[in-house]
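The whole structure should be built from the sequences, with the hints applied where relevant.
These protein sequences, in sequence, are chains X and W. By the numbering used here, the letter at position 180 of the first sequence is numbered 180, and the numbering carries on one by one without gaps. By the numbering used here, the letter at position 195 of the second sequence is numbered 195, and the numbering carries on one by one without gaps.
Keep in mind the hints are simulated off the structure, nothing from the lab. It should be emphasised that the depicted structure is a prediction, and the values quoted were computed from it without experimental measurement. Among these hints, one or two may not hold up.
[As the list claims (entries may be wrong)] Covered stretches of chain X, going by a simulated chain W footprint (3 or more residues, C-beta under 8 Å):
no., stretch
1, 96-106
2, 134-140
3, 145-157
[As the list claims (entries may be wrong)] From the derived model, a few chain W residues whose C-beta atoms are all more than 10 Å from chain X:
no., residue
4, Leu62
5, Ala201
6, Val202
7, Thr207
[As the list claims (entries may be wrong)] Below, a list of computed lysine-lysine pairs in the DSSO-like style, where the Cα atoms sit at most 30 Å apart:
no., chain 1, residue 1, chain 2, residue 2
8, X, Lys281, W, Lys182
9, W, Lys182, W, Lys106
10, X, Lys205, X, Lys99
11, W, Lys110, X, Lys281
12, X, Lys239, X, Lys99
13, X, Lys205, X, Lys281
Yeah, the Cβ is synthetic: ideal placement off N, Cα and C, and Gly gets one too.
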Amino acid sequence: MLEATATAAWHRRLMLGLLLAPALIWLFALIVLPHLDLALLSFRESVAPRQYVPSLTQYRTFFVEPLYWHVFARTAILSAIATALTLLIAFPVAWTIAKLARGRMGALLFVVCLIPFWVSETVRTLGWMILLRESGVLPAFLAHLGVTHGPIELLYHDATILVGLVYTSLLFMVVPLVGSLESLDNSLIEAAYDLGSGGFAILRKIVIPHAAPGITAGCIVVFMLTLGNYLTPTLLGGKNSLWFTEQIYSQFITRFNWEQGAAFGFLLLALSTAMVWFGLKLSGQRFSDVMRRT
Amino acid sequence: MIPSLPRPLWLRASTALFLVAFLVFLFLPLVIVAVFAFNNANYPAPPWHGFTLDWFLGNESLGRVGLFKDRALLASIWTSFVVACWVTTLSVVVGTANAFLMERAKFPGKGALSMLMLVPLVIPGVILGISILAFASRVADFASDVFGLELDFLRPGLPLVVLGQFSYIVAIATLTISARLKRFDRTLEDAALNLGATRPAVLRTITLPYLRPALIGSAAIAFLMSFENFNTTLMLVGADSPLTIMMYGRMREGATPVLNAVSLFLMVASALLALTLMRRNDRKDA
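Written as structure tokens, this is what we have:
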């Protein structure tokens, strides 16, 4: 009898070990250790071939060289603008899906909004390039209408990068917004209306506070993805894109300066993490709740 | 405002107008890509020169290489497919193990581990890529210096691409499968055990069939995310390019409409995948 319990306990421990092993291998071999290694890499300097000393040179370069921190600040600001624009465009759409559309119409509209995001970002960017470049569809159309004299180049502007980023991010804003707006009770809005509130006051005092968790979740995810985007800024912005991920790529892959690239990677990670943390603090939410929402 | 309240005409009209503009914005790039796959010209640009299938079938007299003749492009589709199959299998298997670990097992440090499992989702893909690249190179250098072993799979190439994509896709699979396992009624397992079933039999006949929709759903998502991944792949890729990397390279050089043809192929494939999944879900609800 005693032996049987001992076997059962041993059995249970074996099961736990077998279940723990893949999770620990995944998290340590692919996430924790690589990032510790990246940190070590960023805090060292090559003094001779294969000889390194600990140093802060990589981070000093970032602050001393104006190009690097300009690109960093530019990436952060454009990402913030793209996030705000995405929210402005996605909100009315989410409102229509959650509140205005009747019966199956809402579900249908929701699915229609999701369709483009089943298609690869590469394909969507190709579409924008064909639409916007000088020999493309939109410049030809504008010239045909007589709005412009001859076709103009619509690619390679900051506004083009923003269009592409907003387009890519919409889904990640619409989904959490619809979720948080659907749970808002219509009778609250009716009550406020009966008490004499105008549309704007209702939006500010009832709708936005209720939807705050969804808005925060959407903004965090969109900002993070925009900051880390590579494809859209480099293809739509061309040589003028000056996106920070591109700097990381060029240090790591083109110049093979891994120490500098690692430092840049950490700076980007720090900014991204800071924004996530700040967003959570601002709305008083827990990290795990936000991740489950999206 | 909501339908039960009076809405002025201008508000209703502008909402409708906004929605139409939004849908045009959403679908215009995709429609344009599809349309120019059939344009009889060497570049995907207006004006319209008439309908052709050259960009699918090829046309040797005009020197056009169609999708079905473009060996490099076809090879990259195959590469993406193989990588996606590996990532899907690994993610679903490890994701299922993680779900059982988080929902069934008790051990110290469980809270910290469940937080750590969400971390890969907030790390930008480019950084996941460079960190795995740097770490894998360090391990490979170490093995080479100390033991004289050449661990080629740790150098940039497809095995590293699989690992890089797996490192965050498995987190999504874990969330999806855990969510369903959490809702499982455990008395069903107890009943089966009381009736004399062995533990493996219970797992095979009760628990896994219950998890099936989540397993299929997370497999589809994992496959799609792997196939479309760009950021992490870009950092880890070696000589064989997956499709997204190949397309990116050609788009920078200004490519022929063969890219439109391959894009149309991707659109049709992902639409079919989405429809199959939705049909399955509808049937389950009915």
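Results of checking the hints against the structure:
| no. | hint | result |
| --- | --- | --- |
| 1 | 96-106 | holds (count 4) |
| 2 | 134-140 | holds (count 4) |
| 3 | 145-157 | violated (count 0) |
| 4 | Leu62 | 20 Å, holds |
| 5 | Ala201 | 16 Å, holds |
| 6 | Val202 | 14 Å, holds |
| 7 | Thr207 | 14 Å, holds |
| 8 | X:Lys281 - W:Lys182 | 28 Å, holds |
| 9 | W:Lys182 - W:Lys106 | 15 Å, holds |
| 10 | X:Lys205 - X:Lys99 | 17 Å, holds |
| 11 | W:Lys110 - X:Lys281 | 24 Å, holds |
| 12 | X:Lys239 - X:Lys99 | 44 Å, violated |
| 13 | X:Lys205 - X:Lys281 | 20 Å, holds |
In this structure, the hints that do not hold are numbers 3, 12, in rising order.
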